[in-house]
Structure formats: structure tokens, C-alpha cells
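So the chains spell out like this:
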Amino acid sequence: MKSAIGHWFGWGLGAAFWIGLPVPTGAMQRFPPPQFETDHALPVTTTPPPDGPWRDVLDVAVLAGALGLAAWLVLVRRSRRGVLALVVFSLIYFGFWRGGCVCPIGAIQNVTAALADPGHALPLVVAAFFLLPLLATIMFGRVYCAGVCPLGAIQDVVVIKPLRVPMWLEHALGMLAYVYLGAAVLFAATGSAWIICEYDPFVGLFRMSGTTFMLGLGAVFLLAGMFFARPYCRWLCPYGVLMSWIAPGAVWQPRIDPVGCIQCQLCRDGCPINAIDVPDVPSPAGSGGTGGPMLPGPEAGLRAGPGVGPGVGPGAHRRDRRRMAVLLIAAPMVISIGALLGHGLTPALTRMNERVRLADRLLAEDMGWVEGHTDATAAFRSRGDSRTELATETKRITSIYAWGGPLLGGFIGLVLAAKLIQQARRRRSDEFVIHQPRCVACARCLALCPHHPGNEARLVELTREKEPL
Amino acid sequence: MAEATRSEPSSDRRGFFRGMVRGMALLAGGATLGLLATRAQAARTVWQIDPHKCTMCGRCAVECVLMPSAVKCVHSHGMCGYCELCTGFFEPDAPNLHEGAENQLCPTGAIERTLIEEPYYEYRIKENQCIGCAKCVAGCAAFGNGSMYLQIRHDRCVDCNDCAIARACPTQAIRRVPADQPYLLKQVNEP
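These protein sequences, in sequence, are chains A and B.
For the first sequence, counting from 1, position 440 maps to 440 in the working numbering; every step adds exactly one.
For the second sequence, counting from 1, position 22 maps to 22 in the working numbering; every step adds exactly one.
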């Protein structure tokens with residue numbers, strides 16, 4: 001034993017000056033591997049392999065199949081029950097079994113990074129996860145949200161008592177998703193952070209493991225989701241923004257039966273996410289026995305902007321036009337203010353990047369502005385990494401932020417302006433129609449409609465109720 | 001499909017609008033697709049730690065989304081000196097040089113020490129006990145051969161799109177590697 005200690009100390013003292021230096025590739029062997037006298041076989045370092053390519057093929061196949069099934073259930077069967085069954089399946093498969101990763105929402109970042117940096121590898125499976133749901137949206141509307149997305153699914157099953165959110169708040173909160181999208185793209189393009197993955201509220205629940213913050217965030221979203229249906233989908237989902245842009249152009253769209261609408265409002269009351277547009281002009285006679293919309297009154301206030309029931313008239317028309325003109329003139333100003341704000345925020349945004357933070361910290365340490373060092377700076381110094389390389393890298397990142405920051409601000413300004421203009425537009429409709437950009441095709445309204453097969457009794461009842469009027 | 005496909009009764013304008021949206025989306029989609037086609041690659045990748053960049057800071061044990069971490073210590077036995085006094089195994093000021101818990105560096109007792117023949121001892125990692133804290137790695141790198149090091153174990157790793165440890169790593173030691181070469185071993189296994 002004594003000799004062993006002596007042996008060790010001899011080596012220890014000799015090796016003391018090696019501390020902190022990295023071990024070069026297998027070259028440095030302070031102690032030569034022994035030549036055993038017995039025929040002792042060295043244990044082999046095991047290398048359990050990752051899942052094979054079959055997993056990707058299976059995932060993409062299930063995704064495509066689920067999208068097709070969702071489209072069929074929503075558009076053809078118009079079955080809420082079927083969609084719910086698919087929701088449960090997707091929750092189990094994409095959520096709990098596959099751990100919620102990779103998903104199209106996060107894939108936005110992979111695609112951005114691949115487009116911004118040719119050296120960034122974009123695996124085919126990620127590209128497929130990004131594109132397939134968009135393709136489905138252009139064909140069938142947001143059926144991905146309806147029954148395939150695991151994040152949507154986990155929120156959909158906890159909706160127990162959805163409360164109605166006033167439209168002004170709906171629109172205001174909806175802006176968050178645009179900010180989130182813009183920021184995620186900027187951070188992914190600069191290789192700074194993947195905030196969509198970092199702040200994914202449900203992935204921790206899917207894996208049943210995660211930081212307290214992650215699990216807590218998930219719990220908060222699920223609790224909120226009991227009363228405000230699908231809060232993430234409605235107000236935060238960056239992929240939902242992309243889909244909301246193309247859903248209005250879908251070839252086949254989920255649609256409430258426009259024939260024989262009796263204006264019962266069941267669809268609107270049943271929609272937990274404010275995705276049914278309310279009629280704002282009197283309905284043509286005979287469409288169901290009622291002379292006009294039942295809404296003006298307290299309901300009218302739910303639609304933000306002008307053009308609501310009582311406001312119909314030549315005066316109102318002129319007022320609307322004036323408002324539109326003001327908004328159109330103000331739009332460039334809103335965008336410029338956004339860009340300016342973005343410009344002002346650029347230094348803060350830039351510090352999201354780790355390389356920039358490292359360079360800043362190194363400078364601060366060199367100048368004696370801060371005491372001590374971080375793991376990153378210590379490693380940087382001990383390895384003798386190139387300062388010039390770091391400087392070039394930071395310069396490149398900073399230059400992207402220099403126009404990316406204002407662009408992000410301008411984008412948010414543009415969205416705000418577009419939203420205001422959209423609200424000022426007079427929408428003439430005498431029907432309850434699905435607001436395609438917002439609708440997640442959950443099929444609740446379709447199943448509630450008195451014209452839905454199986455609801456005949458309700459149709460009779462509702463029609464009779466109205467007759468005395 | 002009848003209800004779904006029927007165009008809105010109202011207007012050509014809306015139809016025109018829809019056509020325009022569709023056309024633009026298809027155009028944008030096509031352009032993105034074209035770009036992606038040049039960038040996408042069939043090769044699959046997985047996360048792995050480059051042991052030569054690792055500074056044994058201990059974040060791997062706590063930052064991974066899994067509990068315990070998907071990172072474990074691996075031991076390239078061919079590089080090991082089989083020292084009797086292993087600085088990856090013993091506390092620097094160990095009271096005694098035997099396997100007693102008070103002497104061990106590993107907080108979970110995940111290293112098994114066996115006498116092979118005087119004075120050579122073998123150190124095996126009990127992977128189900130290892131939490132990837134890198135304490136042994138640091139000890140082995142400081143005074144030993146550096147035969148112990150951290151690797152992401154792919155039977156555990158869930159292959160997050162954005163690896164939480166990679167995000168927290170102070171030296172960017174974690175990167176994506178081709179899935180058919182999923183480990184960055186310091187020494188290739190002998191047959």
C-alpha cells in the first residue's frame with residue numbers, strides 16, 4: 001500500500017503541472033496499460049446504438065396517415081368523436097411515446113438554421129415534419145392542429161369549462177404568436193437559441209421528466225387550458241401563425257352547413273376558441289324562419305371593430321372609410337416605430353448569443369470590470385482558443401442582428417398594422433362562418449349543428465321554439 | 001365532402017382571394033421546398049459529447065431533460081493504467097485506499113474496483129448507477145490516463161431537437177454526429 005501511495009505521489013507531483021491542460025487524442029498515457037500475466041480480457045466499451053432509420057420512416061408515415069385521417073374525419077365524417085379519438089391516439093404516439101420531439105413547431109428553427117447557414121444539416125425527417133402539415137393545411141385547413149399535434153392534443157383533452165375571451169383580448173393575445181415566431185426565427189438564424197424547444201410547455205410532461213420550470217410551465221398551461229381552451233395554440237404557437245396564413249386558401253375547408261342555418265348560435269357558443277364569425281348583416285328572409293340576426297345586443301360587442309349590427313347605415317359606412325384611410329396612412333408609421341424599437345433592442349437581443357456573451361465576458365475580465373471567471377472563459381483561456389476566430393464569429397453574428405433586430409420590430413409592426421386594418425374592414429356576412437385562420441378544426445361546431453346527422457330532434461325543437469316569434 | 005367543397009355562395013372576390021392565397025402559399029412552399037431540397041440531407045444525426053472539448057463542469061448531470069441524465073461515464077479500458085491508486089476512483093484525501101464509501105469520489109458508488117493481479121485494479125462503470133457528474137472524469141484526466149470520459153448513451157437519449165445539455169455546455173462540446181457513428185470514443189474498441 002505504501003509503495004502504491006509513493007508511486008501515486010511521484011506521478012501526482014510530476015503530473016501536477018498538467019492540471020487544466022486537455023488530454024490530447026489518446027497520445028498521453030501517463031501510466032502504460034499493463035501487460036497482464038494472467039489472460040485477463042479487457043472489458044469492451046459498450047456502444048448502445050440509437051434507434052434505426054425505421055423510426056424516422058415510421059414517424060413520417062404515421063404523421064402522413066394521421067393528417068389524412070384528420071382531414072377525412074373533419075371534412076367528410078364531420079365527426080367530433082372521431083377527431084377526439086385521433087387526438088387521444090396522437091397524444092399517446094407523438095406525445096408520450098415519441099416524447100413530443102421532433103415536431104413541426106420546433107422544426108421552424110431547423111429550417112431557419114438550415115436556410116441561414118448552409119453548413120447546418122437538416123435531416124429529411126425534420127424537413128418532412130415541417131412541410132407535411134403545411135401541405136395538409138393548404139389542402140384541408142388546419143387539420144394538423146385538430147388531431148395530430150401532440151401539443152394541441154394535450155390541451156384539447158383538458159378543456160372542461162371553456163370561458164369566452166373578449167375579441168379584443170383574443171386579437172391582442174394573438175399578437176404574441178407573431179412575436180414568438182419572429183424571435184424564434186431570428187435566434188435560430190443566428191444560432192443563438194432555440195426558444196421554441198427551450199420553452200415548450202408540454203415536452204416535459206410527455207417525457208414525464210424535466211426541470212421544475214418546464215413541468216411547472218406545462219402545469220400552468222394545462223390549468224389555464226381548462227378554462228381558456230388551447231392557450232398555446234391560440235396565442236403562442238409560431239407554427240399556427242404559418243398555418244393561419246395559408247388556411248384561408250385551403251382547397252377544402254371545414255365549413256358549417258350553410259344551408260338552412262337557423263341562427264341557433266350553437267356552433268358559436270360551442271367553439272371554445274372564438275373561431276366562429278358572427279353574422280353582421282341581417283340574414284336573408286327564409287333562411288330559417290327568423291327575420292334577422294339574433295345577435296345585436298350584448299353579443300355585438302364581441303366583434304372588435306366596426307361593422308357590427310346597429311352600425312349599418314350610410315353614416316357608419318363613411319366613418320368606416322375614414323377609419324380605414326387613417327389606418328392605411330398610419331401603417332407605415334407603425335412599421336417604422338416597430339423597426340426603431342427593434343433597433344433599440346438589438347444589443348439586448350444580440351446578447352442571447354452565447355459566443356457574443358463569451359466575447360463580452362472575456363473583454364470584461366481582461367479589463368478588470370468583473371472578478372473571477374466563468375467555466376466558458378476559463379476553458380477558452382486554458383485551451384488557448386483563437387481570439388481572432390471568436391472576434392470574426394461575433395462580428396458575423398452581430399451583423400446579422402444589426403438588421404435582424406429592426407426587421408423583427410418592423411415585422412411585428414406590420415402584423416399589428418395588418419391586424420388593425422383587417423378589423424376595420426367591413427365584413428358582410430349573413431351566416432355563422434368558421435374563421436379559417438383561427439380555426440383548429442376540432443369539429444366541435446360541426447357536431448353541434450342541428451343539421452348534423454343525429455341532431456334532428458334538436459333541429460325540430462329549436463325551430464319550434466322560434467315559431468311564436 | 002359535399003358541404004366541405006362547396007364554394008361560398010357570396011363572392012368571386014372571396015374566391016379570387018382564396019386563389020391568390022393558395023397560389024402564394026404554393027409558390028412560397030415551392031421555393032422553400034427547393035431551397036430545403038438543396039439543404040436537406042438523408043444522413044441522420046444524433047447528439048454526442050466530444051471528450052476532448054469536455055471540461056467536466058458537471059452540467060451534463062443536471063441539464064439533461066432526463067433524470068438521471070442520458071450522459072454517462074464510459075471507460076476505454078485499453079487506455080487505462082489499472083492503477084492501484086486511481087484518482088478517478090479515490091477522493092483526493094481519501095482516509096484509506098480501499099473501497100469504503102468514504103474513500104470514493106463517485107457520489108453514487110457507480111465504479112466497481114476489482115483486483116485483477118497485483119498491483120493492477122480494474123475499474124468498471126456500473127452504468128445504471130452513473131449520473132454523469134464527471135467527478136471521476138475530472139480525477140482521471142487530472143492525474144491519470146484520461147480513459148474515463150463522458151458520452152451520451154443512445155439507449156437513453158431521447159434525441160431532443162435542441163439538446164438541453166448542449167445549450168448549457170460552456171465549451172460547445174456537444175454536437176450532432178452521424179447516427180451511424182454515434183459515439184466519439186477516445187479509443188476504438190478492440191475486437
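In case anyone wonders, no lab produced these hints; they're calculated from the structure.
Since the structure is predicted, the reported quantities are computational estimates derived from the model, not experimental observations.
Wrong hints could be hidden among the right ones.
[Claimed, not checked] One side only, chain B facing chain A, incomplete, derived with CB under 8 angstroms:
hint, residue
1, D12
2, F16
3, L33
4, V74
5, C83
6, T114
7, L115
[Stated by the list, open to error] Facing chain A, a subset of chain B residues (Cβ under 7 angstroms, in silico):
hint, residue
8, L66
9, N145
10, Y183
[Unchecked claim] What follows is a set of in silico ranges between Cβ atoms, one per label pair, in the way DEER data are often shown:
hint, chain 1, residue 1, chain 2, residue 2, range
11, B, N103, A, A116, 35 to 43 angstroms
12, B, P92, A, S399, 27 to 35 angstroms
13, B, Q129, A, G65, 35 to 43 angstroms
14, A, R383, B, R113, 30 to 38 angstroms
15, B, L27, A, W403, 52 to 60 angstroms
All C-beta atoms, glycine included, are put in the ideal place defined by N, C-alpha and C.
Here's how the hints hold up against the structure:
1. Hint status for D12/B relative to chain A: violated, with the closest Cβ pair at about 14 angstroms, above 8 angstroms.
2. Taking 8 angstroms as the C-beta contact cut-off toward chain A, the hint placing F16/B at the interface is violated, the least distance being around 11 angstroms.
3. For L33/B, the interface hint holds, since its Cβ comes within 8 angstroms of a Cβ in chain A; the closest pair sits about 7 angstroms apart.
4. The closest approach between the C-beta of V74/B and any C-beta of chain A is roughly 5 angstroms, which is under the 8 angstroms cut-off, so the hint is satisfied.
5. Evaluation of the C83/B hint against chain A yields a held restraint, the C-beta minimum of about 6 angstroms falling below 8 angstroms.
6. Hint status for T114/B relative to chain A: violated, with the closest Cβ pair at about 10 angstroms, above 8 angstroms.
7. The interface hint given for L115/B is broken, as the beta carbon of that residue sits about 11 angstroms from the closest beta carbon of chain A, more than 8 angstroms.
8. Hint status for L66/B relative to chain A: holds, with the closest Cβ pair at about 5 angstroms, below 7 angstroms.
9. Taking 7 angstroms as the C-beta cut-off, the interface hint given for N145/B holds, the closest approach to chain A being about 5 angstroms.
10. Because the smallest distance between the Cβ of Y183/B and any Cβ of chain A comes to about 5 angstroms, under 7 angstroms, the interface hint for this residue holds.
11. Separated by about 52 angstroms at the C-beta atoms, N103/B and A116/A break the suggested range of 35 to 43 angstroms.
12. For P92/B and S399/A, the Cβ-Cβ distance of about 47 angstroms falls outside the hinted range of 27 to 35 angstroms, so the restraint is violated.
13. Distance hint for Q129/B and G65/A: a CB-CB separation of about 41 angstroms, consistent with the stated range 35 to 43 angstroms.
14. Here the CB-CB span from R383/A to R113/B is close to 32 angstroms, well matched to the stated 30 to 38 angstroms.
15. Taking the beta carbon of each, L27/B and W403/A are about 25 angstroms apart, not inside 52 to 60 angstroms as hinted.
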